[in-house]
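Using the sequences provided together with the hints, build the complete structure.
Chain by chain, the residues:
There are 2 protein chains.
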Amino acid sequence: MSRVSTPSNGAGEAAKLYAPQAVQSLATRLAKASGVSNSDAEMLADALVDADIHGVTSHGISRLNIYIRRIQKGLIDSDAGLTLDRQLRSALAVDAGNGLGQVQALKTLQLMIPMARESGVAVATIRNSQHFGAVSYYCNKAADQNMILLATTNCEPAMSPEGGCQAFFGTNPIAASFPTGKGFNIKIDMATSIVARGNIIAAQKSGKSIPPGWALNIDGEPTTDAAEALLGTVLTMAGHKGYALALMVEILSGVLSGSAIGADVGSMYKNMDRKQDVGHFLCLLDISAFMDVAEFKNRVDGMIDEIKACRMRPGVEEILIPGERSHRRAMENRRLGIPIDPPTRKELQVLCEELKVPFTLDESAAMEVVS
Amino acid sequence: MSRVSTPSNGAGEAAKLYAPQAVQSLATRLAKASGVSNSDAEMLADALVDADIHGVTSHGISRLNIYIRRIQKGLIDSDAGLTLDRQLRSALAVDAGNGLGQVQALKTLQLMIPMARESGVAVATIRNSQHFGAVSYYCNKAADQNMILLATTNCEPAMSPEGGCQAFFGTNPIAASFPTGKGFNIKIDMATSIVARGNIIAAQKSGKSIPPGWALNIDGEPTTDAAEALLGTVLTMAGHKGYALALMVEILSGVLSGSAIGADVGSMYKNMDRKQDVGHFLCLLDISAFMDVAEFKNRVDGMIDEIKACRMRPGVEEILIPGERSHRRAMENRRLGIPIDPPTRKELQVLCEELKVPFTLDESAAMEVVS
Numbered sequence: 156m157s158r159v160s161t162p163s164n165g166a167g168e169a170a171k172l173y174a175p176q177a178v179q180s181l182a183t184r185l186a187k188a189s190g191v192s193n194s195d196a197e198m199l200a201d202a203l204v205d206a207d208i209h210g211v212t213s214h215g216i217s218r219l220n221i222y223i224r225r226i227q228k229g230l231i232d233s234d235a236g237l238t239l240d241r242q243l244r245s246a247l248a249v250d251a252g253n254g255l256g257q258v259q260a261l262k263t264l265q266l267m268i269p270m271a272r273e274s275g276v277a278v279a280t281i282r283n284s285q286h287f288g289a290v291s292y293y294c295n296k297a298a299d300q301n302m303i304l305l306a307t308t309n310c311e312p313a314m315s316p317e318g319g320c321q322a323f324f325g326t327n328p329i330a331a332s333f334p335t336g337k338g339f340n341i342k343i344d345m346a347t348s349i350v351a352r353g354n355i356i357a358a359q360k361s362g363k364s365i366p367p368g369w370a371l372n373i374d375g376e377p378t379t380d381a382a383e384a385l386l387g388t389v390l391t392m393a394g395h396k397g398y399a400l401a402l403m404v405e406i407l408s409g410v411l412s413g414s415a416i417g418a419d420v421g422s423m424y425k426n427m428d429r430k431q432d433v434g435h436f437l438c439l440l441d442i443s444a445f446m447d448v449a450e451f452k453n454r455v456d457g458m459i460d461e462i463k464a465c466r467m468r469p470g471v472e473e474i475l476i477p478g479e480r481s482h483r484r485a486m487e488n489r490r491l492g493i494p495i496d497p498p499t500r501k502e503l504q505v506l507c508e509e510l511k512v513p514f515t516l517d518e519s520a521a522m523e524v525v526s
Numbered sequence: 156m157s158r159v160s161t162p163s164n165g166a167g168e169a170a171k172l173y174a175p176q177a178v179q180s181l182a183t184r185l186a187k188a189s190g191v192s193n194s195d196a197e198m199l200a201d202a203l204v205d206a207d208i209h210g211v212t213s214h215g216i217s218r219l220n221i222y223i224r225r226i227q228k229g230l231i232d233s234d235a236g237l238t239l240d241r242q243l244r245s246a247l248a249v250d251a252g253n254g255l256g257q258v259q260a261l262k263t264l265q266l267m268i269p270m271a272r273e274s275g276v277a278v279a280t281i282r283n284s285q286h287f288g289a290v291s292y293y294c295n296k297a298a299d300q301n302m303i304l305l306a307t308t309n310c311e312p313a314m315s316p317e318g319g320c321q322a323f324f325g326t327n328p329i330a331a332s333f334p335t336g337k338g339f340n341i342k343i344d345m346a347t348s349i350v351a352r353g354n355i356i357a358a359q360k361s362g363k364s365i366p367p368g369w370a371l372n373i374d375g376e377p378t379t380d381a382a383e384a385l386l387g388t389v390l391t392m393a394g395h396k397g398y399a400l401a402l403m404v405e406i407l408s409g410v411l412s413g414s415a416i417g418a419d420v421g422s423m424y425k426n427m428d429r430k431q432d433v434g435h436f437l438c439l440l441d442i443s444a445f446m447d448v449a450e451f452k453n454r455v456d457g458m459i460d461e462i463k464a465c466r467m468r469p470g471v472e473e474i475l476i477p478g479e480r481s482h483r484r485a486m487e488n489r490r491l492g493i494p495i496d497p498p499t500r501k502e503l504q505v506l507c508e509e510l511k512v513p514f515t516l517d518e519s520a521a522m523e524v525v526s
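So the protein lines, in turn, are chains A and B. Residue numbers for the first sequence follow our numbering, so the first one is 156 and each next one is one higher. Residue numbers for the second sequence follow our numbering, so the first one is 156 and each next one is one higher.
Hints were generated in silico from the structure; no laboratory data involved. Since we're looking at a predicted model, the values are computed, not measured. Treat the hints loosely; a few may be bogus.
If several chains are the same, the list does not tell them apart, and a pair holds so long as it fits within one copy or across any two.
To be verified - Okay, derived cross-link-like pairs now, BS3-like style, lysine-lysine, Cα gap no bigger than 30 Å in a straight line: (1) Lys337 - Lys511; (2) Lys452 - Lys463; (3) Lys228 - Lys501; (4) Lys463 - Lys430; (5) Lys452 - Lys430; (6) Lys262 - Lys452; (7) Lys262 - Lys430; (8) Lys363 - Lys463; (9) Lys425 - Lys463; (10) Lys337 - Lys363; (11) Lys360 - Lys262; (12) Lys187 - Lys452.
Next up, the structure:
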């Protein structure tokens, strides 16, 4: 497996690898210096570095700068508590108080775990939240408890309903993790768009065109021009099916939670004058309410073996289980370090200077240069 | 909107329209004559005719014959009770006792409704079941209670994991309905395959080729030959994303329930020597546990208005909401009758003769011929 190829800055400088602990420590100190409490800062840093470890660099440390900038502008309340608008034995309607998405989602999950242990299931809606990073982070936390978390979130507008050409839905991901006896979780974490918007941004930066079928221009016509696509809309996965899934996610995360819906969700980068008001949906199942955990894992492992033994298509060398590639990447990144590209490193350095935090990711701290 | 074009028999005879009540009454009498109890027969008939009313003819009265044949062979226990393997406040692990899928799923849903009313949420796994028809039937029943049902089922093998070319997963659908104030439910009910296997069967029957990207032949190579495709595998929607969704459905419905998994699920038509052992997953949310129902409907209706007002792609005349087309079809079918194709009518006639049930769908009972 080749190393992730991270974007390089204009000067063509390469990304460098850093020890996850070093990055996490710096992220914690920066968050604390921005007014986030000790324990919340640790939660946020853990979530960000976990994404980088799993190769989801788009949801990792590269997001810390914008979170801090939004805290500084009063667009995120770093001191927000959780308010329970409604509470039943298995249901929570949570107001995140415009707090940090990662922190509020993780605190909500911590409330849900004993509920699910007692009743078999717990479901929470969270309103008034932010971008909360990689959804699978929370799903994996649940899997550690021998629970299954199904989770969705709405996000800033990027996709149109089928037939339309105006950004309404976010890329509205669906995620779930399932514990196995194989040393990794089955992990599903997919945008309901045909492709992550980040891929189009990357194509534009490198001056490349995008494949047909990814996006429409502002007039609703298919385009392979990345810049045109960014002004237009990303297409849903599998056309009307992806539209239906994005709509389902919007209702569960946005409508039912009481957060902003569709085009009203704030953009993290573009709207520096208002909060995002993102909504999340978490559905937590305690496996032991349905079946002994050992039996569940045996059954999952048997299924994995059968899937991997399937006859393969011409040219295919291995059938992968969702989550397997990400697990391999995580093993490698824990050992070799996580890649941080020069623009992100520069942002962190500037933050350190502003917030009087020692910058500990200088050249000498790098473990390796990504080839 | 044009009438549904139903398959005609070899002689080219056209489908005819019948009053839903007449079809439902006949289905009830046939099920009773096959040993199904009065109330169970009524449940089954209601589920089948509801599918026909909504235009899902593949899951309607056309399935009654195979259900009865399997009852006659002892492959379905028409007298099965529901056994609760495990029960907590919000969780049920149900053994359907190899009973009729529609009946056992509906009875499970009826147990879940008061649980969700009390705790906010109820989740059930059902094992040892059969093909249970259109998943959206149950979702719509929940929407009638101002609840949201997320439902999945595994099914007989048809699709391969990404990279493989052996049928492992069924077309594993995902369904959910959401009540609105617009006179129809938002209804999502999609196979995780790129296309329903029925479309390939229809192409084969009419001697047509299928579009590229639908299926692989037995060697894992792309094919546009419908007969080759039926020996091979249907592709998942959106490649690896559909694979991940099908896997999620398999774990929730098959693994967690204790039913057969993947390739071990019995085929309703091909395996006339063993039970199917299908598994279902039902997750029921009481809207009022999270938000007042009136507020929820207002918010959904506002979203619908915004979606329908989106700027449209060139050539598009209307943006439809999932469930809207099916609702229009249902209004029309309730008024004009449901189409029954000649082979299905013939099957029903033969069943009537065998079971000494008066055949009430003769020519004179037809309301109209489908053009």
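Tell me, please, which holds for Lys337 and Lys363 at an alpha-carbon limit of 30 Å: within, between, both or neither? neither (40 Å within a copy, 45 Å between copies)
Given identical chains, is Lys452 near Lys430, meaning Cα to Cα at most 30 Å, within a copy, between copies, both, or neither? Classified as between; 25 Å across copies, 42 Å inside a copy.
Checking an output row: Lys360 and Lys262, CA cutoff 30 Å. Within, between, both or neither? Result: close neither inside a copy nor across copies, 37 Å intra and 56 Å inter.
Lys337 and Lys511: within-copy, between-copy, both or neither at 30 Å Cα: This pair counts as neither: shortest intra-copy Cα distance 45 Å, inter-copy 56 Å.
Under a CA distance limit of 30 Å, which applies to Lys452 and Lys463: within one copy, between copies, both, or neither? within (16 Å within a copy, 45 Å between copies)
My question is about Lys425 and Lys463: at a cut-off of 30 Å on alpha-carbon distance, are they close within one copy, between copies, both, or neither? The answer is between: 25 Å across copies meets 30 Å, while 44 Å in one copy does not.
Since the copies are identical, ignore which copy is meant and state whether Lys262 and Lys452 lie within 30 Å (CA to CA) inside a copy, between copies, both or neither. This pair counts as both: shortest intra-copy Cα distance 27 Å, inter-copy 29 Å.
One pair to classify: Lys262 and Lys430, alpha carbons no more than 30 Å apart. Within, between, both, or neither? Intra 20 Å, inter 45 Å, cutoff 30 Å: intra-copy only.
Taking 30 Å as the upper bound on the Cα-Cα distance, should Lys187 and Lys452 be classified as within, between, both, or neither? neither (40 Å within a copy, 41 Å between copies)
One pair to classify: Lys228 and Lys501, alpha carbons no more than 30 Å apart. Within, between, both, or neither? Only inside one copy: Lys228 and Lys501 sit 21 Å apart there, 72 Å across copies, limit 30 Å.
Classify it for me, Lys363 with Lys463: is the Cα-Cα distance of at most 30 Å met within a copy, between copies, both or neither? neither (35 Å within a copy, 34 Å between copies)
30 Å Cα threshold - placement of Lys430 relative to Lys463: Between copies only: 26 Å across, 45 Å inside.
The structure fails hints 1, 8, 10, 11 and 12 (numbered hints given earlier, in ascending order).
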